[in-house]
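A.B. asks: In case you want the letters, here they are:
Protein chains: 2
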Amino acid sequence: MINDCFFKLSGAYLFSEIAQKVKAYKAEAPRADIISLGIGDVTQPLCPAVIEALHKATDEMAVAASFRGYGPERGYDFLRDAIVEHDFRARGIDIDADEVFVSDGAKSDTGNFQELLSKDVRIAVTDPVYPVYVDSNVMAGREIVYLPCTAENGFVPQAPLLSPQVGKNTSPLGEDGRGLVIYLCYPNNPTGTTLTRDQLKVWVDYALQNNALIFYDAAYEAYIQSEDVPQSIYEIPGAKQCAMEFHSYSKTAGFTGIRCGYTVVPKGVKSERMKSEKSGLLETISLNSLWNRRQSTKFNGTSYLSQRAAEAIYTPEGKTQVKATIAYYMENARLMREVLTDMGFTVYGGVDAPYLWVRTPNDMKSWEFFDWMLRSAHVVCTPGVGFGSAGEGYVRLTAFGTHENTKEALRRVNDKL
Amino acid sequence: MINDCFFKLSGAYLFSEIAQKVKAYKAEAPRADIISLGIGDVTQPLCPAVIEALHKATDEMAVAASFRGYGPERGYDFLRDAIVEHDFRARGIDIDADEVFVSDGAKSDTGNFQELLSKDVRIAVTDPVYPVYVDSNVMAGREIVYLPCTAENGFVPQAPLLSPQVGKNTSPLGEDGRGLVIYLCYPNNPTGTTLTRDQLKVWVDYALQNNALIFYDAAYEAYIQSEDVPQSIYEIPGAKQCAMEFHSYSKTAGFTGIRCGYTVVPKGVKSERMKSEKSGLLETISLNSLWNRRQSTKFNGTSYLSQRAAEAIYTPEGKTQVKATIAYYMENARLMREVLTDMGFTVYGGVDAPYLWVRTPNDMKSWEFFDWMLRSAHVVCTPGVGFGSAGEGYVRLTAFGTHENTKEALRRVNDKL
Numbered sequence: 001m002i003n004d005c006f007f008k009l010s011g012a013y014l015f016s017e018i019a020q021k022v023k024a025y026k027a028e029a030p031r032a033d034i035i036s037l038g039i040g041d042v043t044q045p046l047c048p049a050v051i052e053a054l055h056k057a058t059d060e061m062a063v064a065a066s067f068r069g070y071g072p073e074r075g076y077d078f079l080r081d082a083i084v085e086h087d088f089r090a091r092g093i094d095i096d097a098d099e100v101f102v103s104d105g106a107k108s109d110t111g112n113f114q115e116l117l118s119k120d121v122r123i124a125v126t127d128p129v130y131p132v133y134v135d136s137n138v139m140a141g142r143e144i145v146y147l148p149c150t151a152e153n154g155f156v157p158q159a160p161l162l163s164p165q166v167g168k169n170t171s172p173l174g175e176d177g178r179g180l181v182i183y184l185c186y187p188n189n190p191t192g193t194t195l196t197r198d199q200l201k202v203w204v205d206y207a208l209q210n211n212a213l214i215f216y217d218a219a220y221e222a223y224i225q226s227e228d229v230p231q232s233i234y235e236i237p238g239a240k241q242c243a244m245e246f247h248s249y250s251k252t253a254g255f256t257g258i259r260c261g262y263t264v265v266p267k268g269v270k271s272e273r274m275k276s277e278k279s280g281l282l283e284t285i286s287l288n289s290l291w292n293r294r295q296s297t298k299f300n301g302t303s304y305l306s307q308r309a310a311e312a313i314y315t316p317e318g319k320t321q322v323k324a325t326i327a328y329y330m331e332n333a334r335l336m337r338e339v340l341t342d343m344g345f346t347v348y349g350g351v352d353a354p355y356l357w358v359r360t361p362n363d364m365k366s367w368e369f370f371d372w373m374l375r376s377a378h379v380v381c382t383p384g385v386g387f388g389s390a391g392e393g394y395v396r397l398t399a400f401g402t403h404e405n406t407k408e409a410l411r412r413v414n415d416k417l
Numbered sequence: 418m419i420n421d422c423f424f425k426l427s428g429a430y431l432f433s434e435i436a437q438k439v440k441a442y443k444a445e446a447p448r449a450d451i452i453s454l455g456i457g458d459v460t461q462p463l464c465p466a467v468i469e470a471l472h473k474a475t476d477e478m479a480v481a482a483s484f485r486g487y488g489p490e491r492g493y494d495f496l497r498d499a500i501v502e503h504d505f506r507a508r509g510i511d512i513d514a515d516e517v518f519v520s521d522g523a524k525s526d527t528g529n530f531q532e533l534l535s536k537d538v539r540i541a542v543t544d545p546v547y548p549v550y551v552d553s554n555v556m557a558g559r560e561i562v563y564l565p566c567t568a569e570n571g572f573v574p575q576a577p578l579l580s581p582q583v584g585k586n587t588s589p590l591g592e593d594g595r596g597l598v599i600y601l602c603y604p605n606n607p608t609g610t611t612l613t614r615d616q617l618k619v620w621v622d623y624a625l626q627n628n629a630l631i632f633y634d635a636a637y638e639a640y641i642q643s644e645d646v647p648q649s650i651y652e653i654p655g656a657k658q659c660a661m662e663f664h665s666y667s668k669t670a671g672f673t674g675i676r677c678g679y680t681v682v683p684k685g686v687k688s689e690r691m692k693s694e695k696s697g698l699l700e701t702i703s704l705n706s707l708w709n710r711r712q713s714t715k716f717n718g719t720s721y722l723s724q725r726a727a728e729a730i731y732t733p734e735g736k737t738q739v740k741a742t743i744a745y746y747m748e749n750a751r752l753m754r755e756v757l758t759d760m761g762f763t764v765y766g767g768v769d770a771p772y773l774w775v776r777t778p779n780d781m782k783s784w785e786f787f788d789w790m791l792r793s794a795h796v797v798c799t800p801g802v803g804f805g806s807a808g809e810g811y812v813r814l815t816a817f818g819t820h821e822n823t824k825e826a827l828r829r830v831n832d833k834l
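Read top to bottom, the protein sequences are chains V and F.
With our numbering, the residue at position 77 of the first sequence is 77, and numbering never jumps.
Add 417 to a position in the second sequence, counting from 1, and you land on the number used in our numbering.
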């Protein structure tokens with residue numbers, strides 16, 4: 001018998017649906033030169049430090065003495081030590097290497113982490129939202145609460161008031177945050193907006209007071225330019241007691257085809273387990289050891305080559321080269337913001353993130369504007385409504401194109417508008 | 418709240434437990450020169466054709482024009498086409514490229530595939546069994562039926578009689594196979610034994626008659642030497658209506674550190690879904706599209722480099738080189754069988770598989786003999802009971818060592834016995 005929860009999902013994974021629509025249009029208009037600013041895939045090659053590391057690791061695999069088979073279950077020490085040093089210690093954050101789990105990417109980890117929790121946990125996500133958080137929980141049969149992020153609230157999800165007064169708490173979360181898991185992704189996919197330290201602190205405080213968990217997706221942290229935007233949730237006091245943090249090298253270093261990321265599961269993050277149903281006695285369990293059990297059972301690590309490639313990002317040359325590529329993409333973001341604004345579009349994001357969240361003209365629906373963009377300008381965007389109902393009337397554009405394609409796409413939109 | 422099913426698992430994943438015991442002994446006896454014939458990891462380097470493909474793919478990733486980001490969700494065509502041609506068509510089996518899903522390995526896929534099924538599906542596994550099948554289903558809260566495979570039944574799991582007569586059907590499956598999923602792994606991990614075509618046909622017929630599903634793990638098919646042992650379940654008529662097949666390059670080509678495998682989900686395999694609870698109306702759903710939905714939601718493909726590496730195995734040079742490595746390991750298996758038998762051990766497997774299933778001497782328990790092997794001979798084996806209660810009194814030895822280490826391990830066991 002089939003897991004019935006699958007039938008509560010939307011028909012296809014959003015990006016599969018877009019790919020199919022583009023494919024259908026290409027069949028219809030085979031000569032159309034289509035530019036994709038849709039799926040958030042990168043276009044710039046891997047940097048020289050990474051290429052060198054890949055060749056070197058390949059050569060190691062050719063000789064028995066240096067050949068590597070199954071890796072350690074949390075990832076190789078060389079990579080976890082580099083992560084701890086450069087992504088955390090250098091920023092004044094104390095994370096232990098045993099709290100870092102290397103994986104094949106943040107999509108897998110954000111999709112799988114919910115397995116550790118019981119079916120009756122309530123899930124809170126922003127709306128719009130990266131579909132993986134929703135779909136993975138729907139497949140598991142969980143209830144989902146949506147926190148609208150709109151122009152009106154500055155795209156900041158509202159936590160319930162910490163001391164709610166009667167009639168004042170209008171959060172969709174209700175007043176009780178117990179047993180709640182909150183997915184936050186900042187810099188945000190899809191809106192490209194951020195939370196300041198103060199705005200993020202509200203959520204950490206809320207989680208601590210309510211014994212809730214935060215799943216913090218930091219996949220785009222390398223794009224942050226502003227001083228008051230935190231690069232890690234662990235910059236907020238208390239986060240090591242309530243938050244997991246998901247990292248990806250996909251957008252940091254162009255690893256969408258290489259597959260490497262990591263998840264931080266601090267040993268201080270605990271969740272409850274009913275020890276005795278009769279007495280209602282609870283015990284608290286560390287999620288670090290549970291995640292290790294999950295990963296060692298259903299996963300065998302990501303490629304040794306990918307882990308060596310990730311290590312190379314932390315060398316002085318690697319750092320410089322990766323920064324240059326990020327600057328390249330952020331120049332696209334700047335240009336898109338400027339030109340689209342000049343054209344009269346309302347544009348959010350694109351300052352600390354590679355995504356722009358663009359209001360459709362004339363109150364067009366997201367998919368309607370997607371079709372117009374595809375058919376008139378031969379430009380692929382992502383319909384905002386695909387990320388949730390609060391995304392209706394928006395599209396997402398990515399800054400991951402080449403300069404040339406980005407300029408050409410803007411020119412075409414301008415011409416056809 | 419924690420997913421309580423995790424507490425029904427044994428404390429640690431078997432191979433993590435062994436690794437910890439070995440680590441503890443190394444701390445105790447730091448000079449001991451320990452030889453591992455325990456975890457099934459390979460020791461021979463990647464073959465030249467694969468190394469060349471990895472270098473070439475790395476060079477492609479260094480240039481924007483040939484850079485590859487996210488891959489197609491079922492895997493690259495170049496690999497799926499090679500799989501269809503060489504692993505199936507060349508053996509007279511007709512599999513469509515859309516029925517092949519490339520992944521990061523059979524462990525992930527055999528662990529994840531159960532997600533497609535409802536909680537109340539009954540799971541049947543052989544005993545002893547690869548722990549992933551059991552643990553992934555226990556985590557999901559399912560009931561598990563064990564089919565003992567012992568010397569008495571020639572390590573062949575017994576299907577219920579197809580036309581049971583009163584008092585004759587003693588299978589633990591009972592008489593009704595509806596809603597049942599049967600995991601079969603042949604050549605078998607851990608026993609190293611096989612099923613003939615006729616023996617496998619019994620299970621395919623049983624699944625077809627009972628609307629059950631077979632999850633067939635073919636991770637070790639490259640080691641088959643005997644003519645009457647099928648390399649794929651699809652050699653059996655009707656299997657394309659009831660069986661998924663899991664493949665791994667880990668043991669075929671030493672990819673334990675590279676991470677690539679694939680799963681075949683024939684479009685003809687369907688499972689039931691309750692369409693209306695009131696009427697009890699059922700509809701049948703193709704698992705192929707459901708698996709695609711699962712994979713496109715929670716997985717982003719395995720590395721482009723790994724997929725190019727896998728493709729290289731199917732070239733004429735790749736085939737020859739991979740065969741040579743398999744012959745190398747099978748020479749170990751032959752030697753182990755011969756020498757251990759001469760020493761008086763009762764040995765199974767090792768003819769069509771890289772594993773030997775060895776009866777412990779003097780009715781020692783599996784972990785007792787593991788300790789003796791580790792402490793007296795400095796050889797790591799895998800305790801049979803770790804694979805299930807029917808494995809008590811056995812240990813598993815792998816043929817994946819070097820010739821030198823394998824000989825040395827045998828010499829030490831002989832000396833200390």
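Some hints could be false.
To be verified - Restraint ranges, calculated between C-beta atoms of paired labels, are given here:
hint: 1; chain 1: V; residue 1: Gly344; chain 2: F; residue 2: Asp537; range: 34 to 44 Å
hint: 2; chain 1: V; residue 1: Val202; chain 2: F; residue 2: Lys473; range: 42 to 52 Å
hint: 3; chain 1: F; residue 1: Lys443; chain 2: V; residue 2: Gly268; range: 25 to 35 Å
hint: 4; chain 1: V; residue 1: Ala12; chain 2: F; residue 2: Ala568; range: 43 to 53 Å
hint: 5; chain 1: V; residue 1: Asp363; chain 2: F; residue 2: Lys425; range: 51 to 61 Å
hint: 6; chain 1: F; residue 1: Glu785; chain 2: V; residue 2: Ala90; range: 41 to 51 Å
hint: 7; chain 1: F; residue 1: Ala481; chain 2: V; residue 2: Lys26; range: 13 to 23 Å
hint: 8; chain 1: F; residue 1: Ala741; chain 2: V; residue 2: Gly268; range: 45 to 55 Å
hint: 9; chain 1: F; residue 1: Lys473; chain 2: V; residue 2: Glu317; range: 40 to 50 Å
hint: 10; chain 1: V; residue 1: Gly280; chain 2: F; residue 2: Glu445; range: 41 to 51 Å
hint: 11; chain 1: V; residue 1: Asp94; chain 2: F; residue 2: Lys443; range: 27 to 37 Å
The set of hints was computed from the structure by calculation and includes no laboratory data.
Don't be surprised by glycine CBs; every beta carbon is placed ideally from N, CA and C.
A.B. asks: Taking the hints in turn, state whether each one holds.
C.D. replies: Now the hints, each set against the structure:
For the pair Gly344 (chain V) and Asp537 (chain F), the beta carbons lie near 57 Å from each other, so the given range of 34 to 44 Å is not met. About 51 Å separates the C-beta atoms of Val202 (chain V) and Lys473 (chain F), a value consistent with the hinted range of 42 to 52 Å. Take Lys443 (chain F) and Gly268 (chain V): their Cβ atoms lie about 30 Å apart, and the range 25 to 35 Å holds. The beta-carbon spacing between Ala12 (chain V) and Ala568 (chain F), approximately 50 Å, falls within the hinted interval of 43 to 53 Å.
A hinted range of 51 to 61 Å for the beta carbons of Asp363 (chain V) and Lys425 (chain F) is consistent with their spacing of about 54 Å. Distance hint check: the CB atoms of Glu785 (chain F) and Ala90 (chain V) are about 50 Å apart, consistent with the given range 41 to 51 Å. With their beta carbons about 22 Å apart, Ala481 (chain F) and Lys26 (chain V) fall inside the hinted range of 13 to 23 Å. Distance hint check: the CB atoms of Ala741 (chain F) and Gly268 (chain V) are about 51 Å apart, consistent with the given range 45 to 55 Å.
Between Lys473 (chain F) and Glu317 (chain V) the beta carbon distance is about 23 Å. The supplied range of 40 to 50 Å is therefore violated. About 44 Å separates the C-beta atoms of Gly280 (chain V) and Glu445 (chain F), a value consistent with the hinted range of 41 to 51 Å. About 29 Å separates the C-beta atoms of Asp94 (chain V) and Lys443 (chain F), a value consistent with the hinted range of 27 to 37 Å.
Violation of the numbered hints given earlier is confined to hints 1 and 9; the remaining hints are satisfied by the structure.
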